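Undergrad: Protein sequences appear in the order of chains A and B.
Residue 0 is where the first sequence starts when you use numbering that gives the first Met the number 0, and the numbers rise one by one after that.
Residue 0 is where the second sequence starts when you use numbering that gives the first Met the number 0, and the numbers rise one by one after that.
No wet-lab data here; the hints were simulated from the structure.
Misleading hints may appear alongside valid ones.
To be verified - In silico DSSO-like cross-links for lysine-lysine, where the CA-CA straight-line distance does not exceed 30 Å:
(1) B/Lys537 - B/Lys527
(2) B/Lys23 - B/Lys13
(3) A/Lys48 - B/Lys484
(4) A/Lys48 - B/Lys495
(5) B/Lys554 - A/Lys24
(6) B/Lys5 - B/Lys620
(7) B/Lys382 - A/Lys24
(8) B/Lys382 - B/Lys554
(9) B/Lys212 - A/Lys48
(10) B/Lys537 - B/Lys522
(11) B/Lys30 - B/Lys5
(12) A/Lys48 - B/Lys537
(13) B/Lys297 - B/Lys337
(14) B/Lys251 - B/Lys614
(15) B/Lys251 - B/Lys212
(16) B/Lys495 - A/Lys24
(17) A/Lys48 - B/Lys554
Computed from a predicted model, the values in this text were never measured in an experiment.
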Amino acid sequence: MNLTLHVWRQDEPTARGRFETYQAKDVSEHASFLEMLDVVNESLIHEGKEPIAFEHDCREGICGSCGMMINGVPHGPRNLTAACQLHMRLFRDGDEIWIEPWRATGFPILRDLVVDRSAFDRIINAGGYVSVRTGSAPDANAVPVRKHEADRAMDAAACIGCGACVAACPNASAMLFTSAKVAHLGLLPQGQPERYTRVVDMIAQHDLEGFGTCTNHGACQEACPKGISIDFIARLNRDLLVASWKAAEPEAVVGG
Amino acid sequence: MHLDAKIPAGPIEKKWDKHRFDMKLVNPANKRKYEVIVVGTGLAGASAAATLGELGYRVKCFTYHDSARRAHSIAAQGGINAAKNYQGDGDSIFRLFYDTVKGGDFRSREANVYRLAQVSLNIIDQAVAQGVPFAREYGGYLANRSFGGAQVSRTFYARGQTGQQLLLGCYQALQRQVALGTVELHTRQEMLDLVVVDGVARGIVTRDLVSGKVEQHAGHAVVLATGGYSNVFFLSTNAKACNVTATWRAAKRGAGFANPCYTQIHPTCIPPSGDYQSKLTLMSESLRNDGRIWVPAKAGDDRPAGQIPESERDYYLERFYPSFGNLSPRDISSRRAKEMVDTGHGVGPLHNGVYLDFKDAIARLGQETIAERYGNLFEMYEKITGENPYEVPMRIYPAPHYTMGGLWVDYNLMSNVPGLFVLGEANFSDHGANRLGASALMQGLADGYFVAPLTVGNYLATIPREPVTTDHAAFADVERDVRQKTERLMSVNGHKTVDEFHIELGRVMWEACGMERNGASLKAALEKIPDIRERFWKEVRVPGSADTLNQSIEKAGRVADFLEFGEIMCWDALTREESCGAHYRSEHTTPDGEAARNDRDFSFVSVWEFQGVGKEPTLHKEPLEFENVQPSTRSYK
Numbered sequence: 000m001n002l003t004l005h006v007w008r009q010d011e012p013t014a015r016g017r018f019e020t021y022q023a024k025d026v027s028e029h030a031s032f033l034e035m036l037d038v039v040n041e042s043l044i045h046e047g048k049e050p051i052a053f054e055h056d057c058r059e060g061i062c063g064s065c066g067m068m069i070n071g072v073p074h075g076p077r078n079l080t081a082a083c084q085l086h087m088r089l090f091r092d093g094d095e096i097w098i099e100p101w102r103a104t105g106f107p108i109l110r111d112l113v114v115d116r117s118a119f120d121r122i123i124n125a126g127g128y129v130s131v132r133t134g135s136a137p138d139a140n141a142v143p144v145r146k147h148e149a150d151r152a153m154d155a156a157a158c159i160g161c162g163a164c165v166a167a168c169p170n171a172s173a174m175l176f177t178s179a180k181v182a183h184l185g186l187l188p189q190g191q192p193e194r195y196t197r198v199v200d201m202i203a204q205h206d207l208e209g210f211g212t213c214t215n216h217g218a219c220q221e222a223c224p225k226g227i228s229i230d231f232i233a234r235l236n237r238d239l240l241v242a243s244w245k246a247a248e249p250e251a252v253v254g255g
Numbered sequence: 000m001h002l003d004a005k006i007p008a009g010p011i012e013k014k015w016d017k018h019r020f021d022m023k024l025v026n027p028a029n030k031r032k033y034e035v036i037v038v039g040t041g042l043a044g045a046s047a048a049a050t051l052g053e054l055g056y057r058v059k060c061f062t063y064h065d066s067a068r069r070a071h072s073i074a075a076q077g078g079i080n081a082a083k084n085y086q087g088d089g090d091s092i093f094r095l096f097y098d099t100v101k102g103g104d105f106r107s108r109e110a111n112v113y114r115l116a117q118v119s120l121n122i123i124d125q126a127v128a129q130g131v132p133f134a135r136e137y138g139g140y141l142a143n144r145s146f147g148g149a150q151v152s153r154t155f156y157a158r159g160q161t162g163q164q165l166l167l168g169c170y171q172a173l174q175r176q177v178a179l180g181t182v183e184l185h186t187r188q189e190m191l192d193l194v195v196v197d198g199v200a201r202g203i204v205t206r207d208l209v210s211g212k213v214e215q216h217a218g219h220a221v222v223l224a225t226g227g228y229s230n231v232f233f234l235s236t237n238a239k240a241c242n243v244t245a246t247w248r249a250a251k252r253g254a255g256f257a258n259p260c261y262t263q264i265h266p267t268c269i270p271p272s273g274d275y276q277s278k279l280t281l282m283s284e285s286l287r288n289d290g291r292i293w294v295p296a297k298a299g300d301d302r303p304a305g306q307i308p309e310s311e312r313d314y315y316l317e318r319f320y321p322s323f324g325n326l327s328p329r330d331i332s333s334r335r336a337k338e339m340v341d342t343g344h345g346v347g348p349l350h351n352g353v354y355l356d357f358k359d360a361i362a363r364l365g366q367e368t369i370a371e372r373y374g375n376l377f378e379m380y381e382k383i384t385g386e387n388p389y390e391v392p393m394r395i396y397p398a399p400h401y402t403m404g405g406l407w408v409d410y411n412l413m414s415n416v417p418g419l420f421v422l423g424e425a426n427f428s429d430h431g432a433n434r435l436g437a438s439a440l441m442q443g444l445a446d447g448y449f450v451a452p453l454t455v456g457n458y459l460a461t462i463p464r465e466p467v468t469t470d471h472a473a474f475a476d477v478e479r480d481v482r483q484k485t486e487r488l489m490s491v492n493g494h495k496t497v498d499e500f501h502i503e504l505g506r507v508m509w510e511a512c513g514m515e516r517n518g519a520s521l522k523a524a525l526e527k528i529p530d531i532r533e534r535f536w537k538e539v540r541v542p543g544s545a546d547t548l549n550q551s552i553e554k555a556g557r558v559a560d561f562l563e564f565g566e567i568m569c570w571d572a573l574t575r576e577e578s579c580g581a582h583y584r585s586e587h588t589t590p591d592g593e594a595a596r597n598d599r600d601f602s603f604v605s606v607w608e609f610q611g612v613g614k615e616p617t618l619h620k621e622p623l624e625f626e627n628v629q630p631s632t633r634s635y636k
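The whole structure should be built from the sequences, with the hints applied where relevant.
TA: Here it is, written out as structure tokens:
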């Protein structure tokens with residue numbers, strides 16, 4: 000098939016970006032979307048032009064590196080599919096495709112389709128972990144975990160940190176990402192001691208990074224390649240409420 | 000080159016305990032006076048950096064990704080082994096040790112493997128405490144499965160995303176240390192060279208992948224956890240950015256490279272579909288538990304699978320290996336698939352695969368049960384190929400997947416260059432000539448959480464505490480080399496892309512040094528590789544500028560290194576005149592076509608010393624001694 004691509008090109012963070020139009024010719028329906036871009040890039044290099052910069056690595060939908068708006072939809076038209084696992088058989092000969100980077104205050108553009116997602120790491124830094132010293136853990140079977148909770152925790156932990164939720168949200172909120180980590184750890188017994196400080200600290204960092212507020216549009220869960228549910232946002236809000244009650248309780252005096 | 004494995008004396012089950020007591024400790028107040036550089040944030044690198052930071056050392060950690068959560072450890076599907084014996088089915092530390100030594104075809108070091116089996120217990124404890132959501136039974140306890148032909152169920156798993164969940168555990172532990180200020184994390188920074196001062200590893204030179212800035216970093220020790228080199232074949236199951244640069248650069252600065260020809264081919268991957276193919280996708284080996292592998296009995300039979308009657312199908316693994324059948328080990332299954340395709344029995348539009356058929360399993364167990372077991376894999380297959388495996392058989396073919404070879408290390412995971420430690424897939428130590436399923440995650444975490452933090456400390460306790468700086472002339476020299484290489488790549492301005500050369504190299508490597516090797520083809524490859532390399536440096540085109548985000552220059556540097564490294568793989572494969580594990584020399588086979596190992600002449604680790612680009616490297620040998628497991632011949636008939 001032959002396609003017309005309109006691709007966002009931007010040389011550096013402060014440069015002015017623009018759409019450029021390229022023809023992708025003789026694209027195989029079996030190629031992945033990123034392989035289609037590889038072929039376009041090879042021909043751009045042969046023409047003496049600079050290839051389109053886009054992030055990718057595992058190409059198996061698990062590393063979370065890739066991500067781009069394809070015709071206005073994060074990761075393109077197929078549900079539960081990262082851009083790297085999107086295949087060209089979903090497109091038709093003669094299609095025009097608009098390709099843009101994630102657009103959000105929290106994700107500054109570095110070049111072309113590459114954005115800076117380090118805000119996600121800083122949200123994790125604020126509390127997205129269990130504080131456990133290497134080697135100090137009890138036997139793995141010492142604490143049984145109900146299968147239901149373990150499975151729900153896994154549903155939340157499946158997040159690949161790609162940022163599609165932010166790109167889809169009209170408020171550019173990162174609440175789905177944040178809530179997935181809060182739920183993953185909060186559902187497990189190992190995550191209980193830090194459960195309420197975690198949610199408060201992670202939300203504070205989320206807001207500091209310039210992500211918007213959640214207004215329950217649900218666009219994030221539609222865009223998520225891993226099917227993370229907005230039920231986890233509701234769960235985060237419940238934890239946040241409990242945390243605010245707990246804040247009224249005076250902290251113990253520090254001492255030995 | 001001096002190779003002392005430094006294996007502690009005493010019975011094998013006491014060696015690690017004794018060594019832990021014998022190692023020197025650094026006074027807690029002095030720990031912060033030492034700086035440790037960790038390169039790579041996969042399972043091994045992230046766990047080592049987090050643990051070293053937690054212990055009190057000042058850690059500088061580097062990754063070329065935008066985040067420490069993206070390394071290719073994340074893509075491991077199947078699981079992680081540990082000798083917990085939670086199933087009560089007869090597992091033990093000794094059995095895991097035994098299976099790993101045997102699985103490695105008696106080409107690994109016993110003491111290292113035993114320690115790996117010992118600390119496997121701690122890994123699961125640690126991961127659970129971090130909140131890794133392993134699969135559980137209804138009683139709330141951890142579930143296990145049998146994996147890769149093991150006779151006990153010792154594999155822990157988190158759906159098909161075990162690597163992801165373990166890596167997120169490490170990543171979170173690492174980010175916690177970043178927040179505490181013990182680890183300085185440098186993302187989007189690629190190590191381009193190692194700095195050796197007076198014979199001791201003292202730092203690295205990196206390139207900032209956004210600004211192009213070349214930087215010098217000094218440390219009291221350098222830890223490489225930079226993964227494997229399967230991408231030398233261009234097409235592999237590795238992530239696109241996986242490369243050999245860090246370890247190859249270290250080899251060029253004096254570190255011995257051990258067993259580079261031990262590369263593992265995974266039997267169940269989706270075959271390439273065209274010239275644009277950028278990488279290969281692995282389908283979990285667990286599919287072979289219920290799928291039957293076959294090809295049309297008649298070469299060139301192009302009928303759709305459904306129209307080929309049972310009598311005209313060749314279930315060749317069941318025919319060759321009646322007792323193991325479709326569950327025959329990775330190397331054997333891979334070679335037989337290649338043989339079928341090479342003799343004209345290949346299936347699919349390009350005749351480059353074999354069928355993995357679930358028809359009988361669906362008839363026996365029902366579609367629902369099969370969906371429960373493999374639903375996500377079937378879906379992934381459908382996404383990629385557009386074919387529904389519930390209705391037509393899957394097509395599979397082997398692909399490069401993991402490299403057992405790597406930088407030589409002693410029992411302390413230190414290379415022959417003092418101060419240079421190598422962890423995870425980047426070292427050679429534990430898997431011998433063949434790695435068992437679900438053992439890569441185990442080794443990465445064993446090295447990173449439980450071995451290196453202690454052995455690095457032991458090393459630091461023996462060296463002066465004076466601050467290390469980048470003042471020494473060696474830093475400026477290495478930086479100049481790095482800049483010159485980049486400038487040279489930018490200035491060729493030829494007419495071919497980096498990928499075109501990478502594909503060409505990959506084809507040569509796959510043909511000569513892939514699933515099957517022989518002396519003649521390896522010698523031919525040793526002629527071809529220098530020719531490709533020469534043309535690369537005359538004809539490559541690297542567009543753009545070196546002082547911005549430029550993915551072409553990143554790729555070009557990595558491929559330039561693969562073009563040097565490919566030769567050392569061929570030298571290794573050529574001189575190892577035997578077949579063992581994943582290394583199969585067609586001249587060295589038994590009368591019925593199976594691998595013929597030669598313990599009398601080849602029971603050693605091959606360690607290669609770099610002598611200059613295009614020059615024959617020097618071979619050094621570390622003899623292997625087996626005191627606890629007697630070498631035997633594998634048989635799956």
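Undergrad: Now tell me, hint by hint, if it's right for this structure.
TA: Taking the hints in turn, this is what the structure says about them:
At most 30 Å may separate the alpha-carbon atoms for a hinted pair to count; B/Lys537 and B/Lys527 meet this at roughly 16 Å. The hinted pair formed by B/Lys23 and B/Lys13 meets the criterion: a straight-line CA distance of about 18 Å does not exceed 30 Å. Taken as a hint, the A/Lys48 and B/Lys484 pair is honoured in the structure, with Cα atoms around 22 Å apart against an allowance of 30 Å. Note on A/Lys48 and B/Lys495: the hinted pairing holds, with a Cα-Cα distance of about 13 Å set against a maximum of 30 Å.
The suggested pairing of B/Lys554 with A/Lys24 holds, with an alpha-carbon distance near 25 Å, which does not exceed 30 Å. Restraint check: the Cα-Cα separation between B/Lys5 and B/Lys620 comes to about 15 Å, which is no more than 30 Å; the hinted pair holds. Annotation: proposed proximity of B/Lys382 to A/Lys24 holds, straight-line Cα distance about 22 Å (limit 30 Å). Annotation: proposed proximity of B/Lys382 to B/Lys554 holds, straight-line Cα distance about 28 Å (limit 30 Å).
A distance of roughly 23 Å separates the Cα atoms of B/Lys212 and A/Lys48; the hinted pair therefore holds under the 30 Å criterion. Proposed proximity of B/Lys537 and B/Lys522 is supported: the alpha carbons are some 24 Å apart, at most 30 Å. With a C-alpha separation of about 24 Å, the suggested pair B/Lys30 and B/Lys5 falls inside the 30 Å cut-off, and the hint holds. With a C-alpha separation of about 19 Å, the suggested pair A/Lys48 and B/Lys537 falls inside the 30 Å cut-off, and the hint holds.
This hinted pair checks out: B/Lys297 and B/Lys337 have alpha carbons roughly 16 Å apart, not beyond 30 Å. This hinted pair checks out: B/Lys251 and B/Lys614 have alpha carbons roughly 12 Å apart, not beyond 30 Å. Between B/Lys251 and B/Lys212 the CA atoms are separated by roughly 23 Å; this keeps the pair inside 30 Å, and the hint holds. For the hint pairing B/Lys495 with A/Lys24, the CA-to-CA distance comes to about 20 Å; that is within 30 Å, so the pair holds.
Taking the CA atoms of A/Lys48 and B/Lys554, the gap is about 17 Å. The hint holds against a cut of 30 Å.
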